[in-house]
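Letter by letter, the chains look like this.
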Amino acid sequence: MSRYETLVVERRGPVGWLEFNRPAKGNAMNARMLAELERAWVELDDDPEVRVIVNTGNGSAFQTGLDVVELSRDPEALREQSRRTKRAELRISAWHNSVWKPVIAAVNGVCAGGGLHFVADADIVIASSNATFLDPHVSIGQVTAYEAIALVRKSPMEAIMRMALTGRHERLSATRAYELGILSQVVEPPDHLRAEAQALAENIAKNSPSAMRATKRALWGALELGLTDACRAGAAELVALWGHPDQTEGPLAFVERREPDWEPLLPAARKADS
Amino acid sequence: MTFSHFDCLIVERDGPVGWLINNRPDRLNAMSAHMRDEFAIAWKELDADPDVRVIVHTGAGRAFQTGVDVTEIASDGVGMERYRESMVDFDLHFTAWHQEVWKPVITAVNGICAGGGFHWVADADIVIAASDAQFFDPHVSVGQVVSVEAIGLLRKMPVEAVMRMAFVGRYERLSAQRAYELGMISQIVDPPEELRAEAQALAEKIAKNSPAAMRATKRALWGALEVGLTDACRAGAAELVSMWGHPDQVEGPLAFAERREPMWDTKTTGDAT
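Protein chains in written order, with our numbering: chain A, 3 to 276; chain B, 46 to 318.
Chain B with its partners taken away, still in its complex shape (with noise of 0.2 Å):
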């Protein structure tokens, strides 16, 4: 499959891993209208391409996503307004999440994280990030206001260091072993330059496991933030038995009694809801 023309990302697949590459890096990777637009299609193709088994997000330059494009909401005349309708509604299409991407998407920081830029930490499976990433939201700085990405974040680590980055503001930075202390990523790349090597030597390790059973764990995991734990089990178990009797059941046990790696099946992991 090929991917469509992006001006403002690249996407590519490297093997069973689709790369999804922030490319404004003269605008730190600020999300212009026309970005945001190209990040809902982009989502979209990885998702659909059989040949992408996991994602890897990450940013060109020294930043990785610094949030809305400020210099554009400040000299076109139309500002933030544009994005009251989706706002309202709650109908965003710029992350995984917000596309229903159930593929794992791994999240890797490579430079500056700013504001807005926490919508695709939170909105990710797996964060690993460069020794030199650095982590701060400058909302309330400019006036504006923390919430969906903040949300997010709060779900899945510690609240209180949420809390702090939303109301310090520019005023404090967290680092990346701060970040990896407190659980919000998993692994600190050093140097930085092997970021992008060892985001493609997981991918490929994640990329060995069942396609079908991987998509039923994302949709128990993510199911449960929405809802208390009694009803989270309850609908984990429906994702769990959905996948009984599916020949990824057979197959993995048998390769791993034959010694070989399972050949997955995938006719039957695009067709589910």
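The following block holds chain A by itself, in its conformation from the complex (with noise of 0.2 Å):
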């Protein structure tokens, strides 16, 4: 992997993964930040060996947003982050950078306005018990968009509302993440996450990458469309696989009682560039 200033991204056998590293400013995004974010999701997606990415955070902090303090001293990285802003542009989440491996969100502590893209574009979340959510937008003047968009799409919505309305004078537990399906596993003691991280995320690269890759865009892509409609380019992703070598390969190692020896990932289209 090349160096990275504010994150760490490293492999650990299949499972690559991506750790917000400014502890010290709760992960506060700076203008480094956001340009390593998107040079390290596009890094991991392009390795063969990483099957499925981790993204965590250093410290008592997952993520909390913007470093709003850093960029008003840098009025030329303001200026281009306002301006993807506007467009919709943004590069910073998995889902903004059109990565197709699996993304397991694990929430080590607080996550604050700006750090819910990382819970919203993940496919997969999970949080130490001591995990703690919160939109502060609107206690400071901002709006709450994207992130609130798509956890809408994504959880009952009632109770994002209340967080996007609340602001910073509420937070929303671990705990009560889990029972609304916002996560799909709490892990106590907290220390223990990125085990649980790293052994959830070894089972899930157990499968075709291919069969993955073609699974997250039917689903994600059923998140823009009405049904009928997300049904049908579905079953197209469904039929393109059919004949590729892992639907020989994977009932084959089921019968013989072995590990299956999938193909590897061809590349996928990204996003062209703005």
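Hints may contain errors.
As the list claims (entries may be wrong) - Cβ-Cβ distance ranges computed for the label pairs, FRET-style: (1) Gly-228(B) <-> Asp-193(A): 52 to 58 Å; (2) Arg-14(A) <-> Ser-49(B): 54 to 60 Å; (3) Val-123(B) <-> His-194(A): 58 to 64 Å; (4) Gln-144(A) <-> Lys-253(B): 50 to 56 Å; (5) Gln-144(A) <-> Gly-124(B): 32 to 38 Å; (6) Leu-270(B) <-> Arg-164(A): 23 to 29 Å; (7) Ala-93(B) <-> Met-159(A): 33 to 39 Å; (8) Pro-50(A) <-> Val-123(B): 31 to 37 Å; (9) Gly-124(B) <-> Arg-86(A): 44 to 50 Å; (10) Ile-151(A) <-> Arg-218(B): 41 to 47 Å; (11) Glu-172(A) <-> Cys-278(B): 29 to 35 Å; (12) Ser-231(B) <-> Met-159(A): 17 to 23 Å; (13) His-194(A) <-> Gly-273(B): 39 to 45 Å.
As the list claims (entries may be wrong) - Footprint (simulated), chain A over chain B, 3 or more residues, beta carbon under 8 Å: (14) 124-137; (15) 199-210; (16) 214-220.
Rather than coming from a laboratory, the hints here were simulated on the basis of the structure. Ideal Cβ placement from N, Cα and C applies to all residues, glycine included.
Mind assembling these two chains? They're in different frames, but the hints should get you there.
The following block contains the structure:
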């Protein structure tokens, strides 16, 4: 992996790790992190050894959104971010960067405001028992949009509206987020989070990379369309993989009681750069 | 009305409740090509029978449904190719939704529901399950894509849980308890042997309601999964208004005032499109 200043990017077995690494700043995103995130997602997605990606944070926070203080001292970076926000051309999450490998967000502590991008845009979300979620945008006169819009598609809406409107004056607990289906696993004690994330990722890494990529495209694509149109598009993803070698290898390995030897992923098209 | 003879299904009526029972227990109710054809007929017959007000779908044996019959796919030299045309055209006929059944459909999950079995969870109006039911989606573990059934599910429940099942494949199972917490199902029946009795009781409650009003309601709510909020409300308002002046709207309040069961109009329930 290449060098990063604000992130830790590494591979453990088949699992690529993307860790926010500004613990003294609540892992808030400064200009460098914004640039490095784009590079890191693409690097992990392009690495054939990486089958699954885990996204977590170092220190007591998971992610607390834009580092507004530092960005205000860097007018050029702020302008660039504003331009991308305005045009819906953000490149900070896996979804923004068209990453079609499975992504697990492992929320290790507070997740605030723009940090919710990484919860909304992950496929699977787990959290340590001491994780909390809040969206302070409206408490400082900012609008909540992208993160909450995606979350509204994926979870019971009332909870997301309440978080958006109570701002910094309330926090959602990991337990409540689990009850609501925003996440699927609460890890107790908290310091087992990374081990649990690695174990979950290793299970997922046993599945066909090609089938998972088509599955991810079908399911995320379904959030764009009405039910019948989404099923139609999904059916096309399904049929596109018929005849793929993994579809012979999978059942064969099952019968022979061994791990399947999946085909490596062919390079996928990524959104054109703006 | 009598039903056709089916080899892979049991189709029968118990009072106002039509039963559709997956009946290949030795194959965990996996769907062969023949069973798939029979589903298309069974849904249409149950929908056409005026004595059937509500439909319950369940399975015989320890599984509810486990998707396509992989043994048949692997052994007859045709494989999934037999389904290519219908899948490319998205011209499917094995669930109530595919067959445009506008009577209420309850899926009663009696055991394992795996992979393609989710079609009948996604496409039912109401889902209940035995306490020992288990849900998992092994598609990606055998190199297959998860698509249509999960797309239906993720409109109806928290998406993260659907994605986790899709990517974990055969390495994890969702319990009936967690499915209940997530709102994927609305009732857990314990002990499991009581499932059919509970499903019949629930269906009989539903059968007390106006068939015409339930049909318009079902069309309005499923239609809402197709479009944005304002358009869905607009289409829903049209369904609502279409019932105004229907005899059931006089009979309903009258029966309530007279403390008797309503005599719903059944003549006008079969002819709407």
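Each hint, compared with the structure:
Distance hint check: the CB atoms of Gly-228(B) and Asp-193(A) are about 32 Å apart, inconsistent with the given range 52 to 58 Å. Evaluation of the 54 to 60 Å hint for Arg-14(A) and Ser-49(B) yields a pass: the beta carbon distance comes to about 57 Å. In this structure the supplied range 58 to 64 Å is violated for Val-123(B) paired with His-194(A), their Cβ-Cβ distance being about 48 Å. The hinted range of 50 to 56 Å is satisfied by Gln-144(A) and Lys-253(B), whose Cβ atoms lie roughly 51 Å apart.
Checked against the hint of 32 to 38 Å, the pair Gln-144(A) and Gly-124(B) fails, with Cβ atoms roughly 54 Å apart. A hinted range of 23 to 29 Å for the beta carbons of Leu-270(B) and Arg-164(A) is consistent with their spacing of about 24 Å. With their beta carbons about 38 Å apart, Ala-93(B) and Met-159(A) fall inside the hinted range of 33 to 39 Å. A beta carbon spacing of about 34 Å between Pro-50(A) and Val-123(B) agrees with the range 31 to 37 Å that was offered as a hint.
One distance hint, 44 to 50 Å for the beta-carbon pair Gly-124(B) and Arg-86(A), holds here, with the actual separation near 46 Å. Between Ile-151(A) and Arg-218(B) the Cβ separation comes to about 32 Å, which falls outside the hinted range of 41 to 47 Å. For the hinted restraint 29 to 35 Å between Glu-172(A) and Cys-278(B), the CB-CB distance of approximately 30 Å keeps it satisfied. Here the CB-CB span from Ser-231(B) to Met-159(A) is close to 19 Å, well matched to the stated 17 to 23 Å.
Take His-194(A) and Gly-273(B): their Cβ atoms lie about 42 Å apart, and the range 39 to 45 Å holds. Coverage of the region 124-137 of chain B by chain A holds in this model, with 6 residues showing a Cβ closer than 8 Å to a Cβ of that chain against a need of three. Counting residues of the region 199-210 of chain B whose CB falls under 8 Å from any CB of chain A gives 10; the rule of at least 3 is met. Closer than 8 Å: that is the beta-carbon criterion, and the region 214-220 of chain B has 3 residues meeting it against chain A, so the requirement of 3 holds.
Hint violations for this structure: numbers 1, 3, 5 and 10, all remaining hints satisfied.
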